[in-house]
Amino acid sequence: MILTIALPHVNPLMDSALVREIFPQVGSLLLPGAKLLDIKVDLSLAVTHDCPPESHHRIALRERAWLRQRLVGVGDEVVVGAPLLILTTDPDEDWETGPQRAARVTQVGILPQTNWWDQSV
Numbered sequence: 589m590i591l592t593i594a595l596p597h598v599n600p601l602m603d604s605a606l607v608r609e610i611f612p613q614v615g616s617l618l619l620p621g622a623k624l625l626d627i628k629v630d631l632s633l634a635v636t637h638d639c640p641p642e643s644h645h646r647i648a649l650r651e652r653a654w655l656r657q658r659l660v661g662v663g664d665e666v667v668v669g670a671p672l673l674i675l676t677t678d679p680d681e682d683w684e685t686g687p688q689r690a691a692r693v694t695q696v697g698i699l700p701q702t703n704w705w706d707q708s709v
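Counting from 589, one number per residue, gives the positions in the sequence shown under this note's numbering.
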């Protein structure tokens, strides 16, 4: 079965997100819990804030699948609902015919890995 992963709507005010990291390589077998992408949501244009109006999220897979194609790259700004990855449930399946359903995923808020404590940077 051909599966797709689209950018989820993680905040009601978001229109898009920045792809910060893509973890699996094309052709990889992904098991439930596999981390797929990290995204950054910037809400600075939506409402006025006193602190940095951004949040970071990780998208993880909830089923077994093979990654067949990346549709975005690191640094891409992607709109909500845009396709990110194509997967299949069989490693030899013809995936170019189009997705049959959305892959089961979950997203969680994360703290980005920064070096804020290193004053020499």
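Rather than coming from a laboratory, the hints here were simulated on the basis of the structure.
Only a predicted model underlies this, so the values are computations on that prediction, with no experimental measurement involved.
For glycine and all other residues, C-beta sits at the position ideal for the given N, C-alpha and C.
It is possible that some hints are incorrect.
[To be verified] Derived Cβ-Cβ restraints for the label pairs, each shown as a range:
no., residue 1, residue 2, range
1, S632, D682, 38 to 46 angstroms
2, N599, D678, 30 to 38 angstroms
3, L619, I698, 16 to 24 angstroms
4, S604, E651, 22 to 30 angstroms
5, V662, L619, 20 to 28 angstroms
Inset, instruction - Please name the hints from earlier in the document that this structure breaks, with their numbers sorted from lowest to highest. - result: none
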